[in-house]
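**Student:** Next come the chains, spelled out residue by residue.
There are 2 protein chains.
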Amino acid sequence: MKQTHSEAGRERGEVALLAEIRHRAAHDAGLVQKSGLRLGIGDDCALLTPRAGEELAVTTDLSIDGRHFRLNWHQPETIGHRVLARGLSDLAAMGARPVAAFLSLGLPRSLTCAADGRRSTRSRTWVQRFLDGFLALAETYNTPLAGGDLAESTLAVADIVLVGAVARGRALLRSGAKPGDLLYVTGALGGAAAGLARLVEIASSAGADPPRIPKKLAARLAPHLCPQPRIAQGLWLQRRGVASAALDLSDGLSTDLAHLCEESGVAAEIDASALPIHPAATLAQALHGGEDYELLFTAHPDTRLPRAIAGVPVTRIGRILKARAGRPAMTLISLKGAQPLEAHGWEHFS
Amino acid sequence: MKQTHSEAGRERGEVALLAEIRHRAAHDAGLVQKSGLRLGIGDDCALLTPRAGEELAVTTDLSIDGRHFRLNWHQPETIGHRVLARGLSDLAAMGARPVAAFLSLGLPRSLTCAADGRRSTRSRTWVQRFLDGFLALAETYNTPLAGGDLAESTLAVADIVLVGAVARGRALLRSGAKPGDLLYVTGALGGAAAGLARLVEIASSAGADPPRIPKKLAARLAPHLCPQPRIAQGLWLQRRGVASAALDLSDGLSTDLAHLCEESGVAAEIDASALPIHPAATLAQALHGGEDYELLFTAHPDTRLPRAIAGVPVTRIGRILKARAGRPAMTLISLKGAQPLEAHGWEHFS
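Chains as they are written, first to last, in the working numbering: chain A, 238 to 587; chain B, 238 to 587.
In short, the hints are calculated from the structure, not lab data.
Hints may be right or wrong, so weigh each one.
[Claimed, not checked] Derived Cβ-Cβ restraints for the label pairs, each shown as a range:
id, chain 1, residue 1, chain 2, residue 2, range
1, B, T377, A, G548, 47 to 55 Å
2, B, A256, A, Q576, 24 to 32 Å
3, A, R405, B, A445, 50 to 58 Å
4, B, G290, A, G548, 35 to 43 Å
5, B, R261, A, R405, 23 to 31 Å
6, B, R561, A, E257, 50 to 58 Å
7, B, T377, A, A289, 27 to 35 Å
8, B, G563, A, A263, 25 to 33 Å
9, B, A469, A, A456, 53 to 61 Å
10, B, P565, A, R449, 44 to 52 Å
Just so it is clear, CB atoms sit at the ideal spot from N, CA and C, and this is done for glycine as well.
Just chain A, with the same shape it has in the complex (with noise of 0.2 Å):
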């Protein structure tokens, strides 16, 4: 963040709220010692200090009310916690460790004042809830807030940075499964899409307020509404060395196995039986649909994989094959047979 001038006594718009998020990022020095960060909001850039034999890794994701959250659906604190662990998945699935987080939030000015349109009173305002949830998740993974952008918008948008560090060489990349790896994936698929459609029908009936979640419901919409990063995960493959290839699930294992399939020059095949379907989920939404953000990894056949890592379970899905002209690139075996598997992921712009 860009820091603003501030008066005295003054009480008012970006530089209040620029002052409250510098506070609020600010409270966890030990934290910011520790990633890496060594200059956070305030300058013209803050300054990361890679640890030696450690390099970078840096992603971006852009979400967008209506695209990526809806602000009739979503809570603020969730759409919060749903920015950071888009970024935070994408660190997990090259197994980098968190340095610091950086957002980018342009904001109708009504997000920005309390229910009564001012800002100094009580009740918390809509991007306080935001940052309610962002900063918890961040504080779970060790990751600071250290810098970012606001701006007025006619429509709410918010893009992620996160930077993380890796040691060098030693990063999961999408291109390197071998025909003869197994496919592995981490906890359960589909359960993000199955809460989503759960939370589309109770917040149509629910008006123009985004619904608060029966408790009874919570547990099935949590894989939507607070899906974790896998960031333990991606780093105990990282440091043992043992995936081939690794990416995360966040356009749904269909897509996301086509990208694995096409940056490795390989062809892949699924075991439908073997799938791990979230209990709410059905086949097609643990084949297609978005936002697990669980990791899609290859080993080499002699890897010996637990049955679960830092308490998430890791199962057999397929293997990898040679990539073959005339044969479908990926393939699903069940009980009709082989059949060739579309990827039917989001793309925008189609």
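Using the hints provided, position chain B relative to the given structure of chain A.
**Tutor:** Same frame as chain A, now just chain B:
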């Protein structure tokens, strides 16, 4: 940019646009190597390898249609140039060399199509022309495009992330100015504000499409339409260790000087007669107009500075004073005597 699935022969949406960006961004492999970018577009993250003894500077700047640019005032090439210049200018202010840029674009679908609504025609689309301007400036300043994100949006938004490298502990900060230091500025002031004012006049009489700028006006509008980030000047100051504090003039001299005073805990006085006012600008535009992207810096009074750095004039415009209760942080000395100088730059949500 996350790599998305592409199917041979299909020319559609995000896939085609991403493929084009990846292709165009990959042109300069030599540059990529030199800058420290080890892995660019195509994986979950880009990988950056700083040189020994370097730390990384990171900045993000959000640009929004109607706030930072206007689709009906600015040609797409101009918007691409200005989006990147904003980020590069923050690196210049720290004395950092560019390593990589990341671009998150949210665009209405119409901007990714040619005028006839199809993507596969000979006429260039808005986003292609945006990239023309963006990549031309990136090449000038040896800045590879290393990633980003794309999304469909009802409002055009562009978030630019710049990563730079600087020798550890040598970055130019806002916080180092000391009483007695002299205050300097590169280039001329107010030219961007004057250029914008002229553009608004031209655009108002031109209708819905952004006006083509007549050749005889190009030079006058250049400070607004194609500002040059002072990378070489920032590097010069950093390498010689002559600046005690620095920042870039993005919000306007009065507002940015207030930032410097606040971060350094000092006051400042400006000599109006010394200001290098752009020939087309007024004193008010030089004092308060934003987006000149010149560097404002301080140096010890014993420091001898050249009249120009890398071809850009350097002008002494005032000095740093002790901050004192009851005295304004900023004073303007002119023929009328000494007057308090107030920060009148841009603020969102105010």
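**Student:** Now tell me if each hint is right for this structure.
**Tutor:** Here is what the structure says about each hint:
Checking the proposed 47 to 55 Å range against B/T377 and A/G548 shows it holds: the Cβ atoms sit about 50 Å from each other. For B/A256 and A/Q576, the Cβ-Cβ distance of about 27 Å falls inside the hinted range of 24 to 32 Å, so the restraint holds. Taking the beta carbon of each, A/R405 and B/A445 are about 52 Å apart, inside 50 to 58 Å as hinted. Distance hint check for B/G290 and A/G548: the Cβ-Cβ separation is about 39 Å, which falls inside the suggested range of 35 to 43 Å.
At about 28 Å, the CB distance of B/R261 to A/R405 agrees with the hint of 23 to 31 Å. For the pair B/R561 and A/E257, the beta carbons lie near 28 Å from each other, so the given range of 50 to 58 Å is not met. Under the hint 27 to 35 Å, the C-beta atoms of B/T377 and A/A289, about 33 Å apart, fit the expected range. Roughly 29 Å separates the CB atoms of B/G563 and A/A263, a value that falls within the hinted 25 to 33 Å.
At roughly 57 Å, the beta carbons of B/A469 and A/A456 sit within the given window of 53 to 61 Å. For the hinted restraint 44 to 52 Å between B/P565 and A/R449, the CB-CB distance of approximately 50 Å keeps it satisfied.
Against the hints set out earlier in the document, a violation occurs for number 6 only.
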